[in-house]
Amino acid sequence: MTDPRQLRRRRLRDRLATLLITAGGVGVVVSVLAIGVFLAWEVVPLFLGEGALAPAELWQPQPVEGYAEPQHRWRPEPLVAGDAVHYGMAPLAWGTLKAALWALLFAVPLALGAAIHSALYMPRRLRARLKPTLELMEALPGVVIGFVAGLVLAPWVERHLAGALALVVTLPLGAVAAGGLRALLPAFLRARLSPGWAGLWLAPWLLLVGSLTLWLAPALEAGLPGGDLRGWLEATWGLDVASRNALIVGLAMGFAVIPGIYALAEDALSGVPASLGEGALALGATRWQTLWRVVLPAAGPGIFSAVMIGAGRAVGETMIVLMASGNTALMSLSPLEGLRSLSATIAIELPEAAVGATHYRLLFLAALLLFAFTFLVNTLAEVVRTRLRRRYRRLEGSA
Amino acid sequence: MRIGKGVTRRGRVLLLGMILALAAARLPADEVVGTLDAVGSDTLAGLMLRWGERLAERHPGVRLQLQASGSASAPAALTAGTTLLGPMSRPMSAAEREAFVARHGYPPVELEIARDALAVIVHRHNPLETLSRRELDAIFSESRRCGAERPIERWSQLGVTLPGDRIVLHGRNVASGTHDLFRLRALCGGSYRVRLNEHPGSAAVVAAVAAEPSAIGFAGLNHLTAGVKALRRRDAGGEAAAPTPAAVRDGSYSLSRSLYLYVHLPPGGTLPAPERAFLELVFSPAGQAVVEAQGFVTLAPARLAEQRAWLAALPTAE
Chain A
1 MTDPRQLRRR RLRDRLATLL ITAGGVGVVV SVLAIGVFLA WEVVPLFLGE
51 GALAPAELWQ PQPVEGYAEP QHRWRPEPLV AGDAVHYGMA PLAWGTLKAA
101 LWALLFAVPL ALGAAIHSAL YMPRRLRARL KPTLELMEAL PGVVIGFVAG
151 LVLAPWVERH LAGALALVVT LPLGAVAAGG LRALLPAFLR ARLSPGWAGL
201 WLAPWLLLVG SLTLWLAPAL EAGLPGGDLR GWLEATWGLD VASRNALIVG
251 LAMGFAVIPG IYALAEDALS GVPASLGEGA LALGATRWQT LWRVVLPAAG
301 PGIFSAVMIG AGRAVGETMI VLMASGNTAL MSLSPLEGLR SLSATIAIEL
351 PEAAVGATHY RLLFLAALLL FAFTFLVNTL AEVVRTRLRR RYRRLEGSA
Chain B
1 MRIGKGVTRR GRVLLLGMIL ALAAARLPAD EVVGTLDAVG SDTLAGLMLR
51 WGERLAERHP GVRLQLQASG SASAPAALTA GTTLLGPMSR PMSAAEREAF
101 VARHGYPPVE LEIARDALAV IVHRHNPLET LSRRELDAIF SESRRCGAER
151 PIERWSQLGV TLPGDRIVLH GRNVASGTHD LFRLRALCGG SYRVRLNEHP
201 GSAAVVAAVA AEPSAIGFAG LNHLTAGVKA LRRRDAGGEA AAPTPAAVRD
251 GSYSLSRSLY LYVHLPPGGT LPAPERAFLE LVFSPAGQAV VEAQGFVTLA
301 PARLAEQRAW LAALPTAE
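Chains as they are written, first to last, in the UniProt record's numbering: chain A, 1 to 399; chain B, 1 to 318.
It should be emphasised that the hints constitute simulated quantities derived from the structure, not laboratory data. A couple of the hints might just be wrong.
To be verified - Partner residues aside, some chain B positions facing chain A, computed with beta carbon under 10 Å: (1) 126; (2) 128; (3) 200; (4) 211.
Glycine is no exception: its CB is placed at the ideal position from the N, C-alpha and C atoms.
Put together the whole structure using the sequences plus the hints.
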């Protein structure tokens, strides 16, 4: 019945579509590789020919005017000809990792907690509302987050340092204490405060704990020797407190990273076949045991890849670090000191760097480092995720 | 039929002629029309744009297209021939000038368009009023090339009592004209402390200092707000110079600089009408009023007259 001409036309259309889609896919892969090749091409002249840089100049401390010992310095532009230049990139790479580390320290517990809660405890109705809200958080541009962190949060923390540091301790403790106190409540009240709706009754409680902390903090600070937290930190711990510090950057960037980690971890957790959890519960395991021994191990690789993707984003993030940190190229682990990241350095300096000069090529080296890092992390996350998907399929097949 | 057709054609030609005549009558003979491009400094972006607006008011047919990606972009664009005007917040370096000469065989014309100054600023509640050159260097640099013996890291070393004793430093980023000028004039060419917070704009420096009582910073004079206080500079004789317009204009306030506009103009050549109209505006009283409104300092009258005379002596384009 089918008209052979029609059949032929349809087949042609099919082939054309396949060709276009394949070309698109290959195009994407090729352009990603081309970026890497382009970056490497700009970087290679640094290490070749006359005036080649020794890797030690980039990564090891060098002699600096005014200091007896070698120092790490990022001073890529001479003011007048013959000025000493320093190409120490170690503080920049360090700053990137430090910012990412503090962001993840803040974001991972919160995002994973939220994912576990919403995948396993939350009523479906509430969950359907929560997910889009968190996605909205992801839509906030980095510039806005960085601006708020740099010009609102940093001065506030500067004025209320004791309160802010106390909050970091009391809020998590308060949340744990809420769980403990709930267990002590009479049964009828406990039934009212169901874990699924914890978001509703926990928020006022944390607000109370927070305000109490801020109210008590000045009194606590006055109790310190000297009556000044900043002076005490400096005298006893040798800590210098900068207003634009890694804590602020971590908080702001953590805020930006949470939605991504949450979404992937939630998918991994709700993708665990229901039969597994139900089986554990039927065998008499408590909710906690089911979560800890059965569901989490099954979703482990997915959660790992969620954290990896978060790390990739945190390392590459530019505007938040640029605006919330003071861009001070320091080598310190202290969360109360500033940092300068590779990406922020590129954003600030590339427009003014003379094309083809050492400074310009070093900025490309920074870009290449970032590219390699995100590429590795994302690939790792993807490999782990594929393996997880295969495991689910097997589990579901045997059930 | 044939005659009728001919009439219509003739009619059409007539109509077209009339429209053209009308249009010509509406346009004065010397009306300037066109787009002019400028590539260069972001410090000068606001000033250039205001001048562009004024120019469009004078000559509705002229539009300014500004690309403000930094002073370093101006010589590159001028040499490549993509623009005739290059605003810069620093003089062209010898290398940049050589590259231009190598390509075109003559140097670009350097015009001074305004004066600018850096202010050393503290929080508005800071009681400090003046700083000497050595003190400033001892605060901001780790090299202390201006001759200070010890670094100054605390406000108490300056005789100031503040709740946070440690001095917090704010300034502009590497690869900005402001950063380089301060390094040259205030640090005697030395190097900054690592702890300097580097901000990508003068407005950000001012905002950071205004929010932090123990902070000190430097920023372009035209960005100051009520939240910060500009310090005066004390010289060896104990005289304090404030960044007043007069002191900035004659250079007696040493943290001041000229802002430039580089023009690609062959010797004996002519400027296109839009560019010429733009330069006429810049050196006119109205143009210099824009300079003042933007927070910069106007040129000294003698310098202004000199450059006006140069412009008037240029042969006009036919």
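**Study point:** Hint numbers not upheld by this structure, sorted from lowest to highest
**Key:** 1 and 2
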